[in-house]
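Chains as they are written, first to last, in the numbering used here: chain A, 48 to 249; chain B, 48 to 249.
No wet-lab data here; the hints were simulated from the structure.
A hint or two may mislead.
Copies of the same chain look alike in the list, so a pair counts if it fits in one copy or across any two.
The list that follows gives simulated cross-link-like pairs (lysine to aspartate or glutamate, EDC-like), each with its CA atoms no further than 20 Å apart [claimed, not checked]:
| id | residue 1 | residue 2 |
| --- | --- | --- |
| 1 | 99 | 53 |
| 2 | 71 | 145 |
| 3 | 99 | 85 |
| 4 | 71 | 136 |
| 5 | 71 | 140 |
There are 2 protein chains.
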Amino acid sequence: MTVLPEPISNLIQSFERLPGIGPKTASRLAFFLLRAPDDLSQNLAQALLALKNTTGMCPVCFNITLAHQETCDICANPHRDQDSLCIVEEPLDVLMIEQTGGFNGRYHVLHGVLSPIEGIGPEDLKLASLVERVRKGDIREVIVATNPSMEGDATALYIRQQVSSYGVRVTRLARGLPVGGDLEYADQNTILRALAGRQEII
Amino acid sequence: MTVLPEPISNLIQSFERLPGIGPKTASRLAFFLLRAPDDLSQNLAQALLALKNTTGMCPVCFNITLAHQETCDICANPHRDQDSLCIVEEPLDVLMIEQTGGFNGRYHVLHGVLSPIEGIGPEDLKLASLVERVRKGDIREVIVATNPSMEGDATALYIRQQVSSYGVRVTRLARGLPVGGDLEYADQNTILRALAGRQEII
Numbered sequence: 048m049t050v051l052p053e054p055i056s057n058l059i060q061s062f063e064r065l066p067g068i069g070p071k072t073a074s075r076l077a078f079f080l081l082r083a084p085d086d087l088s089q090n091l092a093q094a095l096l097a098l099k100n101t102t103g104m105c106p107v108c109f110n111i112t113l114a115h116q117e118t119c120d121i122c123a124n125p126h127r128d129q130d131s132l133c134i135v136e137e138p139l140d141v142l143m144i145e146q147t148g149g150f151n152g153r154y155h156v157l158h159g160v161l162s163p164i165e166g167i168g169p170e171d172l173k174l175a176s177l178v179e180r181v182r183k184g185d186i187r188e189v190i191v192a193t194n195p196s197m198e199g200d201a202t203a204l205y206i207r208q209q210v211s212s213y214g215v216r217v218t219r220l221a222r223g224l225p226v227g228g229d230l231e232y233a234d235q236n237t238i239l240r241a242l243a244g245r246q247e248i249i
Numbered sequence: 048m049t050v051l052p053e054p055i056s057n058l059i060q061s062f063e064r065l066p067g068i069g070p071k072t073a074s075r076l077a078f079f080l081l082r083a084p085d086d087l088s089q090n091l092a093q094a095l096l097a098l099k100n101t102t103g104m105c106p107v108c109f110n111i112t113l114a115h116q117e118t119c120d121i122c123a124n125p126h127r128d129q130d131s132l133c134i135v136e137e138p139l140d141v142l143m144i145e146q147t148g149g150f151n152g153r154y155h156v157l158h159g160v161l162s163p164i165e166g167i168g169p170e171d172l173k174l175a176s177l178v179e180r181v182r183k184g185d186i187r188e189v190i191v192a193t194n195p196s197m198e199g200d201a202t203a204l205y206i207r208q209q210v211s212s213y214g215v216r217v218t219r220l221a222r223g224l225p226v227g228g229d230l231e232y233a234d235q236n237t238i239l240r241a242l243a244g245r246q247e248i249i
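Using the sequences plus the hints, can you model the full thing?
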């Protein structure tokens, strides 16, 4: 007993394939666009079509870049520190760290993490090129900013093993209570980490 | 300090204009599509472009219909009851009620509710055509299924006033505890309504 015209059910199905969007949200979005001014759906469609044609990957750090650019803006920027390299899982992580303004070095995007369960090994990630960058360049610190998960930790360990012979410092982002968080809602592992990493009040 | 290539920030901005999608979700969707197979973003774009060109509004009930159809499938269906009319705010509400299979009459979509605060009066809704349908047709019951909000209630009252002279029964969907819900999490108004509408166990 379908009562939905095909164009709408098509759009709902397309929305449902996006992460975090279930059938209810997909319907809500489709019916919203039906009522909304034409340019809203037109703009979204144009942006979607342009996405893959006009973007590429920086051959140095594997961050997203414009298709016609040689390297990304960060790699091309002479004012960024040459001696520190931040390793992240995904291009979105670069954005998150850039928005903090707390890092002025360069990045290396792995495009995933090591995961034996999902069959993702070192050769599936941008790891060889990372080791090559460390070997060639004058990098002094490698900050591993993979997610604080089991896979992120394993990847961090692997990276340390791979680059330790080149005399670089390998660090990992601190774990602890999130700022503004509440002890009451923190999980046990986070509290254990926060205890272990406690610092002198000065 | 923007580090995002324009095609991505464009897509993020387009997603952000949709209801319930904030900057974080918009970024996540854009970066997901960047990694996902091409056809995912292509299909969504095509569905968006087709939406407005291929859909129209049923001239009888104002539900969504295909552009080339004269009336919607429900209005055109001779097996649907002619004598009961369900009034809803939006086309999505038709879908929600149809999915229950609990109603076999026809619909009338108001495309909004009366809201003096937002300056929406009777002439902004499909109310005149509703009164006309009741006047002309052999409708015996009008079920007002506007949302259980202040505006939905006011609109229901207005409809009752407008059609009462035609000798039709005007009803409203029952209020009470949602099925599977928990008294502990119900708000006071819902509990008050559930108490007032309590029914004999038989």
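First find the shortest C-alpha distance between residue 99 and residue 85 inside one copy, then the shortest across copies, and answer within, between, both or neither for a cut-off of 20 Å.
between (23 Å within a copy, 7 Å between copies)
Within, between, both or neither, where residue 99 and residue 53 count as close if Cα-Cα is 20 Å or less:
Answer is between: at 12 Å across copies they meet the 20 Å cutoff, but 27 Å inside does not.
Alpha-carbon proximity between residue 71 and residue 140, which holds within one copy, between copies, both or neither at 20 Å
Cα proximity of residue 71 and residue 140: across copies only (12 Å, versus 29 Å in one copy).
Alpha-carbon proximity context of residue 71 and residue 145, limit 20 Å:
Between copies only: 15 Å across chains, 34 Å inside a chain, cut-off 20 Å.
Can you tell me if residue 71 and residue 136 fall within 20 Å by alpha carbon in one copy, between copies, both or neither?
between (31 Å within a copy, 17 Å between copies)
When the structure is compared with the earlier hints, no violation turns up for any of them.
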